[in-house]
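Protein chains: 4
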Amino acid sequence: MLKTECFKRVRYAETDKMGYLYYGHYAKLYEIGRSEMIRDLGITYQHMEDELQVMMPVLNLNCRYRMPAKYDDHLRIVTILDEMPTKMITFRHEIYNQNDELLNKGEVKLFFIDMKTNKRVSAPSYLCDKLQKFF
Amino acid sequence: MLKTECFKRVRYAETDKMGYLYYGHYAKLYEIGRSEMIRDLGITYQHMEDELQVMMPVLNLNCRYRMPAKYDDHLRIVTILDEMPTKMITFRHEIYNQNDELLNKGEVKLFFIDMKTNKRVSAPSYLCDKLQKFF
Amino acid sequence: MLKTECFKRVRYAETDKMGYLYYGHYAKLYEIGRSEMIRDLGITYQHMEDELQVMMPVLNLNCRYRMPAKYDDHLRIVTILDEMPTKMITFRHEIYNQNDELLNKGEVKLFFIDMKTNKRVSAPSYLCDKLQKFF
Amino acid sequence: MLKTECFKRVRYAETDKMGYLYYGHYAKLYEIGRSEMIRDLGITYQHMEDELQVMMPVLNLNCRYRMPAKYDDHLRIVTILDEMPTKMITFRHEIYNQNDELLNKGEVKLFFIDMKTNKRVSAPSYLCDKLQKFF
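Protein chains in written order, with the working numbering: chain A, 3 to 137; chain B, 3 to 137; chain C, 3 to 137; chain D, 3 to 137.
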């Protein structure tokens, strides 16, 4: 199991008329969470796309909203990988505010596409080799 | 059961590096779907907020991605209400492109807040009265 | 001179904590304006990119805000082309609400890139031929 | 004169079909720049809104695009205040990538509204007192 965290401040651009972080922006928080988890492994998603020609479209997204995030909140994005990726990879996320209140939980399931053939492939060894020791 | 539809073109602003509609923007399509369903009833969400002081935060969001929406696609957003709202309301959505291919399915569950007391309330009669005949 | 118009409703996603359309979203309204002007000519920006391999990056953006656009406003986007494009093209925009109040004015200057060579080129004849009669 | 800097990574959500940071997102970078400049003074824009009931709508935005920002670029947002605010405040911005290339320059002019009266006011002393020593 691998668990990482990173931070993101809520900007005016992301608030809505209720004064909350708009419900659609959590998908972006999850993107930040998974790309920073990958960076923490010493690799980048950018390298996967540009060099390995593997991209990761999303198959499924689930969000559960417990409390609103508000303007200027300094959010902690916790990202959890429970299992080694196979043909798919599932990231779990928990969003906390600066008072350590759990605001939101979500999961994102993605798959791997070889951009040269446009076919589904397994998780590249570039990623799996780095993950091995956590499982 | 109530089923309505409306249309939305994919803009450059909404595409990502893959050339797809970014996965987080489907939440906005669902927002368009549910607010246009309410408008089709002859009422508006704006009136609910401004006059009745009832707002509808989101409790849960689920998206399943089947095929990517692409730049300039003219999307058909189908919105379905299977049940009369109670303390909650659940909208189902299906997104089709101009070739009538099903790209995405999702559900959004919302609840009702009285903005004066900040307490949860049941669906306002302003909305329920209009929905009654469909169930 | 060519002048076209199209419409866009302000969505919750686009409002901010002040209850206004966020100031950064006007760039998207201008994008809608210029792409719909091109569509009104019987051609599409999508075709320019995909078939002619010509893309149009933005060189300059200017926005002047007079009155805020608000949630659910039904905006009229007026797009004006004062001159035939050369190496550059400049669109002027005016944004009105449903009460015909002028909310915002802006200009966007773009240039043309040949995607095969990554070099700047003149406006393609695909576009100029359609524009000729208006100037 | 006051000059501060902060950093922002370009996310997938913010890229477009060209693989560039969408031209409309620079307004958000400028928002980050000015709110972090204010935070660096030891005060917050949030406090101005919530406690002083003063908000700052935008009057004018200007952006000049020199080179595209790309996915995963680690942008440096330089924010410059050339003059003490009066009835208005003008922030200048320069955006650099991780190779210290200047990508974009812009200015944002804002004014001050007393939220209780909805009237224009001068810059609050809460802000001016902190700025005095830089001019």
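Just so you know, not all the hints are guaranteed correct.
Cross-link-like lysine-lysine pairs, in silico, DSSO-like; alpha carbons within 30 Å at most [stated by the list, open to error]:
1. D:K118 x C:K107
2. D:K121 x C:K72
3. D:K132 x A:K135
4. A:K72 x D:K132
5. B:K5 x B:K132
6. C:K89 x D:K107
7. C:K121 x D:K132
8. B:K89 x B:K72
9. B:K72 x C:K89
10. B:K5 x A:K121
11. C:K107 x D:K132
12. B:K72 x B:K118
13. B:K89 x B:K111
14. C:K121 x B:K72
15. A:K107 x B:K132
So the derived list for chain C, only partly shown, Cβ under 10 Å to chain B, looks like this [claimed, not checked]:
16. E7
17. R11
18. R13
19. A15
20. K30
21. E33
22. I34
23. D42
24. T46
25. Y47
26. Q55
27. Y73
28. T88
Label-pair restraints from in silico Cβ distances [to be verified]:
29. B:Q134 x C:E7: 37 to 45 Å
30. D:M86 x A:T92: 48 to 56 Å
31. D:R122 x A:K121: 53 to 61 Å
32. D:M117 x C:R68: 18 to 26 Å
Quick caveat, the hints were computed from the structure, so don't treat them as lab data. Backbone N, C-alpha and C define an ideal beta-carbon position, used for all residues, glycine too.
Outcome of the hint check:
Among the hinted pairs, K118 of chain D with K107 of chain C is consistent with the structure: their alpha-carbon atoms are about 28 Å apart, no more than 30 Å. Under the criterion of a C-alpha separation no larger than 30 Å, the hint pairing K121 of chain D with K72 of chain C is consistent with the structure, at around 18 Å. Only pairs whose Cα atoms come within 30 Å are accepted, and K132 of chain D paired with K135 of chain A is rejected, the gap being roughly 51 Å. With a C-alpha separation of about 26 Å, the suggested pair K72 of chain A and K132 of chain D falls inside the 30 Å cut-off, and the hint holds.
For the hint pairing K5 of chain B with K132 of chain B, the CA-to-CA distance comes to about 14 Å; that is within 30 Å, so the pair holds. Using a Cα cut-off of 30 Å, the hinted pair K89 of chain C and K107 of chain D holds, with the two alpha carbons roughly 22 Å apart. For a cut-off of 30 Å, the pair hint linking K121 of chain C to K132 of chain D is broken: about 48 Å separates their Cα positions. Note on K89 of chain B and K72 of chain B: the hinted pairing is violated, with a Cα-Cα distance of about 37 Å set against a maximum of 30 Å.
Distance check on the hinted pair: K72 of chain B and K89 of chain C sit about 28 Å apart at the alpha-carbon level, within 30 Å; holds. A threshold of 30 Å between alpha carbons decides the hint, and for K5 of chain B with K121 of chain A the separation of about 35 Å lies outside it, so the pair is violated. About 34 Å separates the Cα atoms of K107 of chain C and K132 of chain D, which puts this hinted pair outside 30 Å; it is violated. A C-alpha spacing of about 42 Å is found between K72 of chain B and K118 of chain B, which places the hinted pair above 30 Å, so the restraint is violated.
Only pairs whose Cα atoms come within 30 Å are accepted, and K89 of chain B paired with K111 of chain B is accepted, the gap being roughly 11 Å. The hinted pair formed by K121 of chain C and K72 of chain B meets the criterion: a straight-line CA distance of about 26 Å does not exceed 30 Å. Pair hint K107 of chain A plus K132 of chain B does not hold up; C-alpha atoms about 34 Å apart against a cutoff of 30 Å. For the restraint placing E7 of chain C at the interface with chain B, the shortest Cβ-Cβ distance is roughly 16 Å, beyond the 10 Å limit, so the hint is violated.
With a least beta-carbon distance of about 8 Å to chain B, the hint placing R11 of chain C at the interface is held under the 10 Å criterion. Taking 10 Å as the C-beta contact cut-off toward chain B, the hint placing R13 of chain C at the interface holds, the least distance being around 6 Å. Annotation: A15 of chain C was flagged as interfacial toward chain B, and the flag holds, the nearest CB pair being 4 Å apart, inside 10 Å. Annotation: K30 of chain C was flagged as interfacial toward chain B, and the flag holds, the nearest CB pair being 4 Å apart, inside 10 Å.
Annotation: E33 of chain C was flagged as interfacial toward chain B, and the flag holds, the nearest CB pair being 6 Å apart, inside 10 Å. Look at I34 of chain C: its Cβ gets to within about 6 Å of chain B, closer than 10 Å, so that hint holds up. Interface restraint check: D42 of chain C against chain B, minimum CB-CB distance 14 Å, threshold 10 Å, status violated. Hint status for T46 of chain C: holds, given a least beta-carbon distance of 7 Å to chain B, under 10 Å.
Interface hint at Y47 of chain C: satisfied, since its Cβ lies 7 Å from the closest Cβ of chain B, which is below the 10 Å cut-off. Nearest Cβ of chain B to the Cβ of Q55 of chain C: about 14 Å, over the 10 Å cut. The hint is violated. Look at Y73 of chain C: its Cβ gets to within about 6 Å of chain B, closer than 10 Å, so that hint holds up. For the restraint placing T88 of chain C at the interface with chain B, the shortest Cβ-Cβ distance is roughly 23 Å, beyond the 10 Å limit, so the hint is violated.
Range check, Q134 of chain B to E7 of chain C: about 39 Å between beta-carbon atoms, so the 37 to 45 Å window is met. Here the CB-CB span from M86 of chain D to T92 of chain A is close to 53 Å, well matched to the stated 48 to 56 Å. The hint said 53 to 61 Å for the Cβ distance between R122 of chain D and K121 of chain A, and at roughly 60 Å that hint holds. Between M117 of chain D and R68 of chain C the Cβ separation comes to about 19 Å, which falls inside the hinted range of 18 to 26 Å.
Going through the hint list in order, the structure does not satisfy hints 3, 7, 8, 10, 11, 12, 15, 16, 23, 26 and 28.
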